[in-house]
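Colleague: So you can see what is in the structure, the chains are spelled out below.
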Amino acid sequence: MARPAIRRTRREFIKESATLAAGAGAAMSLPAPAAAQRPKLVYWCYQFLKASDDARADFAREWAKKNNVDLQMTMVPWKEFMPKITAAIEAKATPDVVESGAVELRGRGQLLDVTDVYKKVEKANGGWVGNAAKFMLEPDGKVHHILYGFQGFMLIAREDMLKEAGISKPPATWVDMLDQAKKAQKVPRVFGMGIPVSNQTDSSVWEDIMKSYGARLADEAGRKVILGDFKGAVWEFLDYFTEVWKAGVLPPGVTTWDNTMNNSTYQAGKAVFILNPVTVSLWLEANNPELLAKTAHYTYPRGPKGQIHPVNFGSRSILKYTKVPDVAKQFLLDSMEASKMDRELSVSQWGPVLKSYLAFDVWKKKSFMKGLVEMSQRGEPEGHPDVFNDAWREQATNTTTSRMLQRIVVDNWPRDKAFAEMIDVLGKIYAKYA
Amino acid sequence: MGLLAPTVLILLGLVLYPFFYAIWLAFSDKAVGSAGRYVGFRNFAYVIAWPQFSAAVFNTVIFTFSAVALKFVLGMSVALVLNQRIRGRNFFRAFLLLPWVMPAFVVYLVWRWLYDPLSGLINYALIDLGLVASPIAFLSDRSTAMPSVVVAHVWRNFPFYAISFLAGMQTISQELYDSAQVDGASRAQQFRYITLPGLYQIIGVVLLLTTIQTANAFEPVYLLTGGGPSDATMVYTMLVYVMGMVNLRLGEAAAVSTLFLPLLVGLVLAVTVLLHRKANA
Chain A
1 MARPAIRRTR
11 REFIKESATL
21 AAGAGAAMSL
31 PAPAAAQRPK
41 LVYWCYQFLK
51 ASDDARADFA
61 REWAKKNNVD
71 LQMTMVPWKE
81 FMPKITAAIE
91 AKATPDVVES
101 GAVELRGRGQ
111 LLDVTDVYKK
121 VEKANGGWVG
131 NAAKFMLEPD
141 GKVHHILYGF
151 QGFMLIARED
161 MLKEAGISKP
171 PATWVDMLDQ
181 AKKAQKVPRV
191 FGMGIPVSNQ
201 TDSSVWEDIM
211 KSYGARLADE
221 AGRKVILGDF
231 KGAVWEFLDY
241 FTEVWKAGVL
251 PPGVTTWDNT
261 MNNSTYQAGK
271 AVFILNPVTV
281 SLWLEANNPE
291 LLAKTAHYTY
301 PRGPKGQIHP
311 VNFGSRSILK
321 YTKVPDVAKQ
331 FLLDSMEASK
341 MDRELSVSQW
351 GPVLKSYLAF
361 DVWKKKSFMK
371 GLVEMSQRGE
381 PEGHPDVFND
391 AWREQATNTT
401 TSRMLQRIVV
411 DNWPRDKAFA
421 EMIDVLGKIY
431 AKYA
Chain B
435 MGLLAPTVLI
445 LLGLVLYPFF
455 YAIWLAFSDK
465 AVGSAGRYVG
475 FRNFAYVIAW
485 PQFSAAVFNT
495 VIFTFSAVAL
505 KFVLGMSVAL
515 VLNQRIRGRN
525 FFRAFLLLPW
535 VMPAFVVYLV
545 WRWLYDPLSG
555 LINYALIDLG
565 LVASPIAFLS
575 DRSTAMPSVV
585 VAHVWRNFPF
595 YAISFLAGMQ
605 TISQELYDSA
615 QVDGASRAQQ
625 FRYITLPGLY
635 QIIGVVLLLT
645 TIQTANAFEP
655 VYLLTGGGPS
665 DATMVYTMLV
675 YVMGMVNLRL
685 GEAAAVSTLF
695 LPLLVGLVLA
705 VTVLLHRKAN
715 A
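For the protein sequence lines, the chains are A and B, in the order given.
With our numbering as the guide, the letters of the first sequence map in order to residues 1 to 434.
With our numbering as the guide, the letters of the second sequence map in order to residues 435 to 715.
Please keep in mind that the hints were generated in silico from the structure rather than gathered at the bench.
Cβ atoms here follow ideal geometry from the backbone N, Cα and C, with glycine treated the same way.
Careful: at least some of the hints might be erroneous.
Claimed, not checked - Residues from chain A that keep clear of chain B, each with C-beta distances beyond 12 Å, as calculated: (1) Ala55; (2) Gln72; (3) Ile85; (4) Gln151; (5) Lys183; (6) Pro196; (7) Pro251; (8) Trp257; (9) Ile408; (10) Glu421.
As the list claims (entries may be wrong) - Partial list, derived from the structure: chain A residues whose beta carbon lies under 10 Å from chain B: (11) Gly109; (12) Leu112; (13) Val254; (14) Lys305.
Excised from the complex, chain A in its bound form:
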């Protein structure tokens, strides 16, 4: 049965509307629920190796629940970080805590001073490992980011193929490595050295090798380009590179490899040697234990003038625009706590940054993780012996050394011309920051 329609007069309608509006207004003026008053923390978590990412993300969620914080977490791969944070800063919509780009953001005055957190962490963990403090402390004693792990290239090798070729000792020098690669490779199925010579940052290995031949890009202050003074060392390095190229130990396509190709080539069993962080080994552990059993991990080979083994790092920092500085600092502090880091480092590619972390079982349990301790204790900041500054960083992202090599092997330029172009490019970059 249909219900009779209720008819209202205009006066009644206005009266009812006014009552409703008043009610709504009163409700809105009531104290907001507790949930809405929780501090909100926007966290951009570094995304790379799933197990490691999950460990950090799980901790962040637990921490937020325990501390009644409204956490908004986004996983951001390294390659996407700078474009994203650039847009966020320009749009004035920045996250509170980030895990990438600390040095670049610090150089542009975008980070909050976290010296107090640095001191508390240092005190609670018996001090920093190796050069960790050097990565954080600025000349005026201030700190703007807190390291949570070291990461660097190691020499990862097919031990089974080396043994088959009659090689029992790891290569001590770059020349040894080339000799071993030539002996052990089985072209066209397996190539000796899976190293990119492209416009991607993993090609920076060639800059390290060039420096181990005695070259450096700029002066001690990191302002004036002096590479031209090291022509002899560069020529010796180019002799070595030419030999590598002609020996056919580099797989075809290395001049356009992206940063994943050295990993995937090794994982597919198509390279004898690669230079990469232990992410490859962690992937093999989960996906191809047979290949991991045939894999050895060695320290970086030396050049005629010594070993150049720069390491980079994972760190957390707080954007200066944060509205919750105390919450963000507490998050940084708690995220460095030893028992939490023990869980995280056992599934990560990171080496220890604090002395209390050296006691973790992971360094003893997994053979491929042992090298991370030595790397963390001895590793120098990226760019070494050059100063890690904005100018060095810009030339590194421009892959100037790899471009010089590409000029020689792709464009068939004479060495002098390619070298002159590299010095010109370096000069232009360093002049902007002088």
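Since the structure of chain A is already known, use the hints to place chain B on it.
Modeller: Showing chain B alone in chain A's frame:
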């Protein structure tokens, strides 16, 4: 007039503000996080002297012209075939759109794998068929890198041409073809004197839009070669990305874009004038 004011204001804000802001950036030393100061023509002088700039100009022109020409020829050919009464015509028409609807990211990663010298399908087939003895590094050789990028881009984008031309062909009266046949016109003559003139307006719009789109293409180079080997595929959008998003030098990146503006406007004007003349001939 008053009623139009809000719309006009919104349009001006959305179009003119970013346009003039980009030009202002080109004249400033703006970097991420800094306000930026006026530096006159310093950024322009810097980027013109930068070794990759001349490569970017050359490669952008080559990429744009070759890709647009190939897409046009391929799109027109496919449209002519699909305009015939063939079995399964509707299926093929729908099937044709597949490359165009797939995300660019997926398409170019698949092409990257196809070209791979160690595990790519193309090399596998070539070696298996005995056509080559050793794998070809399509993306890493100066002579094959740009053609390989163009092929991948054309594969993804030619369906837009084909579908647009096909839609145009269906508006041309069948009576014109019937009369031409009675007069003894060949297929080629029918195409030359009926189909092509009937499509001028559509060709104009398609070429205009896609010339701009092709010149601004970023994904194929970014995902396939990163601008290499040795700048052989460095196009201006890649250079802008490296300068602005990798090096964080927004002023320099904006200067590159601004320097390319006359080239792009010139391209668009040339296409427009050419087609306008043809249409009025």
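Colleague: Could you run down the list of hints and mark each one as holding or not?
Modeller: Do the hints match the structure? See the list:
The Cβ of Ala55 of chain A sits about 28 Å from the closest Cβ of chain B, beyond the 12 Å cut-off, so the non-interface label holds. For Gln72 of chain A, the requirement that its beta carbon stay farther than 12 Å from each beta carbon of chain B is met, with the minimum near 22 Å. Its closest Cβ contact with chain B, about 8 Å, brings Ile85 of chain A to no more than 12 Å, contrary to its assignment away from the interface. Distance to chain B confirms Gln151 of chain A as a non-interface residue, since its nearest Cβ pair spans about 20 Å, more than 12 Å.
Every CB of chain B lies more than 12 Å from the CB of Lys183 of chain A, the least distance being 21 Å, so the non-interface label holds. Once the 12 Å rule is applied to beta carbons, Pro196 of chain A is inconsistent with being away from chain B; the minimum gap is 10 Å. Some Cβ of chain B comes within 12 Å of the Cβ of Pro251 of chain A; the nearest lies about 6 Å off, and the non-interface call is violated. Non-interface call for Trp257 of chain A relative to chain B: violated, since the shortest CB-CB distance, roughly 8 Å, does not exceed 12 Å.
A beta-carbon of chain B is positioned within 12 Å of the beta-carbon of Ile408 of chain A; the least distance is around 9 Å. Chain B draws Glu421 of chain A into its interface by the beta-carbon criterion, the shortest separation being 6 Å against a cut-off of 12 Å. The interface hint given for Gly109 of chain A is met, as the beta carbon of that residue sits about 6 Å from the closest beta carbon of chain B, less than 10 Å. Annotation: Leu112 of chain A was flagged as interfacial toward chain B, and the flag is violated, the nearest CB pair being 13 Å apart, outside 10 Å.
The beta carbon of Val254 of chain A is positioned within 10 Å of a beta carbon in chain B (closest approach about 7 Å), and the interface hint is therefore held. Among the interface hints, the one on Lys305 of chain A is violated; its C-beta lies about 28 Å from the nearest C-beta in chain B, farther than the 10 Å criterion.
The structure is inconsistent with the numbered hints 3, 6, 7, 8, 9, 10, 12, 14, although it conforms to all the rest.
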